Amino acid sequence: MQTTLRFETPGRSTRDITGDINRFVGESGVATGVAHIFIRHTSASLMICENADADVRADVERWMAKAVPDGDPMFVHDMEGPDDMPGHIRSILTGMDISVPITDGALNLGTWQGLYLYEHRSAAHTREVVVTLLGVCSRE
Amino acid sequence: MQTTLRFETPGRSTRDITGDINRFVGESGVATGVAHIFIRHTSASLMICENADADVRADVERWMAKAVPDGDPMFVHDMEGPDDMPGHIRSILTGMDISVPITDGALNLGTWQGLYLYEHRSAAHTREVVVTLLGVCSRE
Amino acid sequence: MQTTLRFETPGRSTRDITGDINRFVGESGVATGVAHIFIRHTSASLMICENADADVRADVERWMAKAVPDGDPMFVHDMEGPDDMPGHIRSILTGMDISVPITDGALNLGTWQGLYLYEHRSAAHTREVVVTLLGVCSRE
Numbered sequence: 524m525q526t527t528l529r530f531e532t533p534g535r536s537t538r539d540i541t542g543d544i545n546r547f548v549g550e551s552g553v554a555t556g557v558a559h560i561f562i563r564h565t566s567a568s569l570m571i572c573e574n575a576d577a578d579v580r581a582d583v584e585r586w587m588a589k590a591v592p593d594g595d596p597m598f599v600h601d602m603e604g605p606d607d608m609p610g611h612i613r614s615i616l617t618g619m620d621i622s623v624p625i626t627d628g629a630l631n632l633g634t635w636q637g638l639y640l641y642e643h644r645s646a647a648h649t650r651e652v653v654v655t656l657l658g659v660c661s662r663e
Numbered sequence: 524m525q526t527t528l529r530f531e532t533p534g535r536s537t538r539d540i541t542g543d544i545n546r547f548v549g550e551s552g553v554a555t556g557v558a559h560i561f562i563r564h565t566s567a568s569l570m571i572c573e574n575a576d577a578d579v580r581a582d583v584e585r586w587m588a589k590a591v592p593d594g595d596p597m598f599v600h601d602m603e604g605p606d607d608m609p610g611h612i613r614s615i616l617t618g619m620d621i622s623v624p625i626t627d628g629a630l631n632l633g634t635w636q637g638l639y640l641y642e643h644r645s646a647a648h649t650r651e652v653v654v655t656l657l658g659v660c661s662r663e
Numbered sequence: 524m525q526t527t528l529r530f531e532t533p534g535r536s537t538r539d540i541t542g543d544i545n546r547f548v549g550e551s552g553v554a555t556g557v558a559h560i561f562i563r564h565t566s567a568s569l570m571i572c573e574n575a576d577a578d579v580r581a582d583v584e585r586w587m588a589k590a591v592p593d594g595d596p597m598f599v600h601d602m603e604g605p606d607d608m609p610g611h612i613r614s615i616l617t618g619m620d621i622s623v624p625i626t627d628g629a630l631n632l633g634t635w636q637g638l639y640l641y642e643h644r645s646a647a648h649t650r651e652v653v654v655t656l657l658g659v660c661s662r663e
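Chains as they are written, first to last, in our numbering: chain E, 524 to 663; chain X, 524 to 663; chain G, 524 to 663.
Please note that the accuracy of each hint is not assured.
Copies of one chain are not kept apart here, so a pair can be met inside one copy or by any two copies together.
[As the list claims (entries may be wrong)] In the DMTMM-like style, the derived pairs of lysine to aspartate or glutamate whose C-alpha atoms are separated by at most 20 Å in a straight line are:
hint, residue 1, residue 2
1, 589, 601
2, 589, 539
3, 589, 606
4, 589, 531
None of these hints come from the bench; they were simulated from the model. Computed from a predicted model, the values in this text were never measured in an experiment.
Chain E with its partners taken away, still in its complex shape (with noise of 0.2 Å):
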């Protein structure tokens, strides 16, 4: 009950990835249970967020760069640009890991939620997501 997803992204943004993730839930036959969703890198990271006015996000990508500037001179380890260090903090703020409940065989989000990969370097990156399913397949 696990698998690895790939997504390709363009750069600093983020991208709805709740449908990736709804999709192997409906396959595995999960009736009951958790999604467990992992990203492993430390400079994109997982968010739940509203999911109906694309400003939210935006608003969200605002406040981040204001509180962890990009190029801010107190930071030593810039090897990688002015966003490496930013990548790293916006990563922990979010976090890496999300847990969703699973109900009737899907994600048990809110009507307002949305699962969202944020990636916070400038460049495109290709990214893996590990999902594991933990539950009950009959529905009890």
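With the hints as your guide, set chains X and G onto chain E.
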């Protein structure tokens, strides 16, 4: 081993839900495992916090109010008022899912740890929390 | 499939505990699943961070020290000193629980991901970490 709890909040505040979760764990018969707790919203969150001195939660709120100010003119998305975007960002920073170990049939929290529902909107809301228990029922 | 590990910290610092968790996973025989790691405190936390350059963790600490300053006069709760409330807020921002997939009998972390115990108090402490493994023992 899954249930949905509903909580009425009076607007921005924290509420200790440790007892509610522990009651469900006790009734379930799960002896060893993990309790997964998930809030189905994007402007209320879950938080583990010190549970002895209410000033700690008041100070967390002071920090949040300063780090993510209500009505910040930077925010574009303000359809539901000055606390709309801050509610989303505060929820992302504190998180919408938490998992706690179950040991000997109860949540294995530290002495000073409480599990809180953190309402970030100014107005009263009804919030849904899905609890899923994973583990074994007999003590091994 | 649950154990409690104890770590002595020298005061504010990060410590790589990936090997300790992997040792328990290896001994357990769990081949596929999820390792849930939980710290039973509110002023020390768990964090996945870049593991190749120690400057990254030093920069995370610099950011934290600026974002949540020790001795901030805004804080009311300072019974245990200027690092008391910052310890609680830093722990909430980084998180007290992390889950990592288990694949082929080991933690399925990315190449640059390390699992760290982050001590936020100035003084030395003993910290308890509960590890629970969920999954199947035979390789499917």
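Hint check results:
| no. | hint | verdict |
| --- | --- | --- |
| 1 | 589 with 601 | both (18 Å within a copy, 18 Å between copies) |
| 2 | 589 with 539 | neither (23 Å within a copy, 29 Å between copies) |
| 3 | 589 with 606 | both (13 Å within a copy, 18 Å between copies) |
| 4 | 589 with 531 | neither (26 Å within a copy, 34 Å between copies) |
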